[in-house]
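K.L.:
Here the numbering used here is used: the first residue of the sequence shown is 665, the next is one more, and so on.
Hints should not be assumed to be uniformly reliable.
What the hints assert, rightly or not - The calculated lysine to any residue pairs, modelled on SDA-like cross-linking and capped at a C-alpha distance of 20 Å, are:
#, residue 1, residue 2
1, 711, 801
2, 778, 706
3, 808, 747
4, 741, 729
What the hints assert, rightly or not - Here are the computed distance ranges between Cβ atoms for each label pair:
#, residue 1, residue 2, range
5, 703, 774, 14 to 24 Å
6, 741, 809, 20 to 30 Å
7, 823, 718, 32 to 42 Å
8, 774, 733, 38 to 48 Å
Keep in mind that the hints were calculated from the coordinates and are not lab data.
Built from N, CA and C at the ideal position, the CB exists for glycine as well.
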Amino acid sequence: MFKKITLFIVFFVLFVATSWAANGRFTLVIDAGHGGHDAGALGAISKEKDINLNVALAFGRYVEQNLPDVQVIYTRKTDVFIPLHQRADIANKAKADLFISVHTNSVVPGHYAKGFQVYTLGMHRAKDNLDVAMRENSVISMEKGYQQTYQGFDPKSSESYIMFEFMQNSNMEKSVELARLI
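Model the full assembly from the supplied sequences, consistent with the hints where possible.
P.N.:
What follows is the structure in C-alpha cells.
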C-alpha cells in the first residue's frame, strides 16, 4: 500500500512539475506534520509525527532519485518541533512551486482507512473542514509568543480562520486545481 501511495504521489508531482514549472527547476517542499513535543494523533503502537516523518523522508528520497529536475526541500528531517510559521517561511524562502504537508489520521479500533484526504486553504464550506483546520492548527498555541507571531490569531476562534481565509485567496485557485487532480 505504501508503495502505491508513493508511486501515485511521485507521478502526480511529475505531472504538476511539468505543467506548472516548465521553465526551470521545480521546487517541492515536503513537510512532515507535527514533530517533537507535538505528537499528533496517537495510535495503539505509533504516533502520527513518526509516521509523517517516515513517509515524508521516503517520498522525498524517491522524488530525488527519480526526478532530477525537482528540488526537494524538507521542513524537518528529524523528530523536532517546527512552528507553523517557520514551515511557511521555509516554503516561501525557497519559492516553492508546491508545498505538501504529510499528515495521517487515527482510526477507531476495528476499522480501517484507505485513500487520501486533501485540504486546501479556504475550504471552510463545511463545518467538518473548519474542525479539521482548527484541530491541525491548535498546535500554534504550543509556540512561545504565538500571539505576536501570528498577529492576534487565536487557534480556538473560528473568526480567526475566517480572517485567514480572506488573506490566502491568492493561492486558492491553484490549490483547488491540485486537490481536484488527486
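K.L.:
Hint by hint, say whether it matches the structure.
P.N.:
Each hint tested on the structure:
At most 20 Å may separate the alpha-carbon atoms for a hinted pair to count; residue 711 and residue 801 meet this at roughly 17 Å. Restraint check for residue 778 and residue 706: the C-alpha separation of about 18 Å stays at or below 20 Å, so the hint holds. Under the criterion of a C-alpha separation no larger than 20 Å, the hint pairing residue 808 with residue 747 is consistent with the structure, at around 9 Å. Only pairs whose Cα atoms come within 20 Å are accepted, and residue 741 paired with residue 729 is accepted, the gap being roughly 17 Å.
For the pair residue 703 and residue 774, the supplied restraint of 14 to 24 Å holds, since their beta-carbon distance comes to about 23 Å. Our hint of 20 to 30 Å for residue 741 and residue 809 holds, since their Cβ atoms are close to 25 Å apart. Restraint check, residue 823 to residue 718: a C-beta distance of roughly 36 Å satisfies the suggested window 32 to 42 Å. Residue 774 and residue 733 have their C-beta atoms about 45 Å apart, which keeps the hinted 38 to 48 Å range intact.
Every hint from the earlier list agrees with this structure, and none is contradicted.
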